[in-house]
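Engineer: Listed here are the chains, written in short residue letters.
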Amino acid sequence: MSWGVAGLRVSFGPTEALDGINLEVPPGRVTAVVGGDGAGKTTLLRVMAGLVAPRAGTVRRPRQEQIGYLPTRSGGFRDLTVAENLEFVAAAARLPGTGRRADDLLERTGLAPFRKRLARDLSGGMRQKLGVVMAMLPSPAMLVLDEPTTGVDPVSRADLWRLIALAAAQGAAVLVSSAYLDEAERAAWVMVLREGRSLVAGTPAEVTASLPGAVVDVDAPTDPARAWRRGPRWREWRPNGDPTAIAPTLEDVVIVASLAAETGRAR
Amino acid sequence: MKAIEARALTRRFGAFTAVADVDLVVETGEIVGVLGANGAGKTTLMRMILGLLHPSAGRVRLFGLPPSRETRRRIGYVPQGLGLYRDLSAAENLSFSAAAFGVAAALPPPGTGTGALGHLPLGQQRAVAFAAALQHHPDLLVLDEPTSGVAPLARARLWDRIREQAGAGAAVLVTTHYMDEARQADRLVLMAAGRVVGRGQEADIVGAARAVVVRTPDWSGAFAACEAAGLAATLAGTEVRLPGADLEAVRRALGASGVPAELSSAPATLEEAMVLAAGR
Amino acid sequence: MQAMVRKEFRQLRRDRRTLALMIVVPLLLLVVFGYVARFDVKEIPTALLGTQAEALAGMLPEPFAVTIVDPEGSRETAEDLLRRSRVIIAVIAEAPPTLLVDGSELFATQSARAAVAGLGGLPTGAVDVEVLFNPELSTAAIMVPALIGMVLTAVGTVITSLGVVRERQEGTLEQLAVMPLRPRDVIVGKIAPYFLVGIVDMAVITAAGLLLFDVPFRGSWPVFIAGSILFLLAVLGMGVLISTLSQTQGEAIQLAIMTMLPQVMLSGMIFPLTSMPWGVRWISYLLPLTYFIQIVRGVFLKATPIDALGIPFLALAALALVVLGLAVLRFRRDLAPAGHRREPSPEPEAAT
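Note that the protein sequences, when read in sequence, are chains A, B and C. Taking our numbering, the leading residue of the first sequence gets 19, the next gets one more, and so forth. Taking our numbering, the leading residue of the second sequence gets 65, the next gets one more, and so forth. Taking our numbering, the leading residue of the third sequence gets 977, the next gets one more, and so forth.
Please note that the accuracy of each hint is not assured.
Said to hold, decoys possible - Mimicking EDC-like on lysine to aspartate or glutamate, the simulated pairs with C-alpha atoms at most 20 Å apart in a straight line are:
no.	chain 1	residue 1	chain 2	residue 2
1	C	983	A	97
2	B	66	B	134
3	C	1166	C	1177
4	C	1166	B	250
5	C	983	A	139
6	B	66	B	228
7	C	1018	C	1046
8	B	66	B	85
9	B	66	B	203
10	A	134	A	121
11	B	66	B	91
12	C	1166	C	1146
13	B	66	B	94
14	C	983	A	105
15	A	134	A	105
16	A	134	A	97
17	C	1166	B	156
18	A	134	A	122
19	B	66	B	303
20	A	134	C	1038
21	A	134	C	991
Bear in mind the hints are in silico, worked out from the structure with no lab data behind them.
Could you build all of it, start to finish, from the sequences and the hints given here?
Structural biologist: Below is the structure:
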């Protein structure tokens, strides 16, 4: 059974939060939703977690108790220890106990020596890891993680992505959101959101191949409206192609798609 | 001219040394990125440069002077939390910081309205924070993860502005742990455990660090096999990467599990290099 | 559900402040109501004046505690002693004897009346009891001036601490420290608006108290204003001090509540200080509200002159100085960690 949404629309009062979203979240795959603040990532994830009702479209998701959800910046109850947080999740999910799976997850994330430490005394990265471990503990069919790596340092981020990969390798459908495109390259499938709509979507390779025209690397741009900085040099979008085209990064592709969307709207 | 000159800078908190013997120079017109994991000492270093912390040893000179009220006049600072009053409007925020620096207030960025800043999207709040930090034409910009949470095009626009400042002669110090941001700097400094462990361009930072790349039709099998063998694996799309791992060890682990795979060795990514530098 | 209950208990156990609110406060209430909440006054400072004063000195039963005996004293002397709060009861020992009672001390007055009524062998009307300052024994006349202090404590402490701790919570305090502002600009600029708001607040509450509840104001305005300013400074200092001890607004509110309760109970606003045992009364003398209440009740009802209010004024000034000083020192540490501090080791310039 594959989960996902089709023709999804969500509005809050007059605000259209999501418009015409189609997304598959199959088991055993990491699916990433990327976008800036206010793009609609959190709303999409909350729909999948069953916390927001869509205005239109179909939502296919597992039974509520089969969903592991990590809201933005949660990471456990701060006044409980690591072990107590896991005990709470286990008791709430009616597991016989935290058991070997908890030990295994704590071991993998480097949290094992901190079982007796209060969540509030953990570093930000550690707390996020605890949050993901809590969401994963009952082995849910679908794991929904809202910006698990925002504000997390690279070492903890690597651990978090190992956990996310582990969940998918164990068969869960994993849906992750992020504000950063370099994260998206780790996912098997990416959707970039902008103002509630899908800007580009596909495997990272498909997304980079979908670029209309070409991106070139130049000292100075010929059309500043179609150029952006990369360090001391410039990248420029040539819609009609260019023989000196370079291999674009995901970020380049998203910038081009945003430029195209902006000019399209301006017309 | 040296906007920042830190020599043998050290800061201890009790028995813990947060920053040890760091030398850092940022010339005018230059963008320098400071990278590092949590606890690497980035924040402590930045706080000493800003004059928020006193060094235990070594010294900081800003424009050739010790940090003081006079040097603060020449600094623009955008903290990670933006440092703005969320209950004031964009214009009110700008007018407050303009008054603190004794300059005329800049116009608020378009679309920021007259309502409380806290109700604006993060991207616009960031634009206001930049306007507030730039309106006194600082000679040194200190930015802590300046484009966190901003969409790529808006991020590109913010970097345009940062580049403009550098082009006009300002020195820029950026601390970040996002690779998208790190690539915008002229020069990078990598910190680990309070010390500088790498300097230069992305290639210099990565140095000899490599990763084993596993191409396989069964990534989850390959991932599970590597993890079972105690090798720290990570996912890149449908490939498995093992930064810093030994190719033969990976081959043995995969061979034992019978997962079909094609192995190769590739330069580590900047992020993988940071993780390896942090000692994991 | 069981999981929820267990989690909640565990969290409660960890949250020391809430725990303190749940255990220390009920305990405090019990102690206060048990030992402190005495409306019956055991000892009433009494002055004996007039020709028969010395003869009467040994004869007065409890609760009258004779502290002044003055055969030369007249009615004027008596009123003056009462106005200056030297005594609560003054007996003019002539024939027939007159008992002057300070009506601003409600419970003492009632105890005194009861005691007089209980004096054996005296024909009714033999002793003339006269209640001064508050002849109707109106509760409003006593409570409204004290409430001014109470309300200002709440507003001053809570609002100030919230305003300052918000800078810390939102990270703007760090931004201020990086701006070319002197720490004193920041501190004074931060507190001054609350001080002005406090003054306006005080004016509004005082006016409302006088108009709505028909409370008399018999004393001197300058004395009242001077006392109010000192009190306000102490209260604002308390707010800033609380803010430097808190990381979040929630913590600040909890701390503020913890300082409010003893002020209500022990300041003499409700229960007379004189009926509190010394084990508790010393706390009263550490609270700014205690002294402010002495000043406002005196000024409002008895027109107490300033030279008779020396102790409360001095105490209030000392408290304001200590609390505000401590608060500013701590606030300053957040703002200027690098500057204005001499390092024990010499600056490394010497080495270069």
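Engineer: Next, verify each hint and record whether it holds.
Structural biologist: Status of the hints after comparison with the structure:
| no. | hint | result |
| --- | --- | --- |
| 1 | C:983 x A:97 | holds, 9 Å |
| 2 | B:66 x B:134 | holds, 16 Å |
| 3 | C:1166 x C:1177 | holds, 18 Å |
| 4 | C:1166 x B:250 | violated, 40 Å |
| 5 | C:983 x A:139 | holds, 18 Å |
| 6 | B:66 x B:228 | holds, 19 Å |
| 7 | C:1018 x C:1046 | violated, 23 Å |
| 8 | B:66 x B:85 | holds, 19 Å |
| 9 | B:66 x B:203 | holds, 11 Å |
| 10 | A:134 x A:121 | holds, 13 Å |
| 11 | B:66 x B:91 | holds, 4 Å |
| 12 | C:1166 x C:1146 | holds, 15 Å |
| 13 | B:66 x B:94 | holds, 10 Å |
| 14 | C:983 x A:105 | holds, 9 Å |
| 15 | A:134 x A:105 | holds, 12 Å |
| 16 | A:134 x A:97 | holds, 11 Å |
| 17 | C:1166 x B:156 | holds, 16 Å |
| 18 | A:134 x A:122 | holds, 16 Å |
| 19 | B:66 x B:303 | violated, 45 Å |
| 20 | A:134 x C:1038 | violated, 62 Å |
| 21 | A:134 x C:991 | holds, 16 Å |
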